[in-house]
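Sequences are here, hints too, so could you generate the full structure?
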Amino acid sequence: MKLNLNADVGESFGAWTMGNDAALMPIVNSASIACGFHAGDPKIMRATVRAALAGGASLGAHPSYPDLAGFGRRPMAMAPVDLEAAILYQLGALAGIARAEGGVLTHVKPHGALNNQACEDAALADCVVRATRAFDRDLILVAPACSELAAAGLRAGLLVALEIFADRRYTPQGTLVPRREPGAVIHNPVHCINHVRRMLDAGGLVATDGTLRKSAIHTICVHGDNAEAVDTARALRAALEADGHALDPLPDVV
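Residue numbers 0 to 253, in numbering that gives the first Met the number 0, belong to the letters of the sequence shown in order.
The set of hints was computed from the structure by calculation and includes no laboratory data. Hints may be right or wrong, so weigh each one.
[As the list claims (entries may be wrong)] Result set (DMTMM-like, lysine to aspartate or glutamate): computed pairs, CA atoms no more than 20 Å apart in a straight line:
(1) LYS1 - ASP251
(2) LYS213 - ASP200
(3) LYS1 - ASP242
(4) LYS42 - ASP66
(5) LYS1 - GLU240
(6) LYS213 - GLU119
(7) LYS1 - ASP247
(8) LYS213 - GLU147
(9) LYS42 - GLU100
(10) LYS42 - ASP224
(11) LYS1 - ASP200
Put into structure tokens, the structure is as follows:
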């Protein structure tokens, strides 16, 4: 089975460092890069694009609500016209840097609260999809499995990569357990591997209570801002390859 391993990266800002992108990049197949609205700045975006290209990872934009202070994790209510413009702005910025470095954007993956809200709000999901299609209808939309965002992308004719999270627990409704709740984030690499294997074997999302929501799975995310991200990504890649899965960049999987 072909799979993709992706990470959210480029989430430092100025003199402040988040994650270990240099160590993570050679392990993953695709990089979802912050575009300046929740993290990242022009210099960091450029360095992250260069590191991804050097490591052989495909490039993706990781747009957010305009929320640097909250790391893009605070829910917002934006007018559709404003949100579409904000997403287009971020895609354009990263695409320009990618082009200057000899690369090209191949996917879009919303960040944080924008992603979480779009998973449950069909109108918001349509807004994200409209901005993505307006920028480049050939972009792959990375969307959580069993989400309104995935459904919106498919309705609009986008290529959709259905995603599961190696380091996050799921509710019976198929959404992520809120970070504020104990056990929502999985830190132990072995537990992450077991979590992913359980979902791959079951063919869909498996919630904390055992509820199964059937879905195809194309890509697996490791959050780059977790302290254990490098160890988790390395161990997960080794485990998936040992299980016989071929790991490839997103354009070769979807």
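These are the hints, each one checked on the structure:
The straight-line distance between the Cα atoms of LYS1 and ASP251 is roughly 8 Å, inside the 20 Å bound, and the hint therefore holds. Between the alpha carbons of LYS213 and ASP200 the distance comes to roughly 11 Å, so the proposed pair stays at or under 20 Å and holds. Between LYS1 and ASP242, the direct Cα distance comes to roughly 11 Å. Compliance with the 20 Å bound is thereby established for this hinted pair. For the given pair, LYS42 sits about 19 Å from ASP66 by alpha-carbon distance, which is consistent with the 20 Å threshold.
Only pairs whose Cα atoms come within 20 Å are accepted, and LYS1 paired with GLU240 is accepted, the gap being roughly 10 Å. Our distance criterion of 20 Å between C-alpha atoms is met by LYS213 and GLU119, whose separation comes to about 17 Å. With a CA separation close to 7 Å, the supplied pair LYS1 and ASP247 stays within the 20 Å bound. Taking the CA atoms of LYS213 and GLU147, the gap is near 15 Å; set against the 20 Å cutoff, the hint holds.
Between the alpha carbons of LYS42 and GLU100 the distance comes to roughly 13 Å, so the proposed pair stays at or under 20 Å and holds. Simply put, LYS42 and ASP224 have alpha-carbon atoms about 18 Å apart, close enough for the 20 Å limit, and the pair holds. Pair hint LYS1 plus ASP200 holds up; C-alpha atoms about 14 Å apart against a cutoff of 20 Å.
This entry satisfies every hint, going by the numbered hints stated previously.
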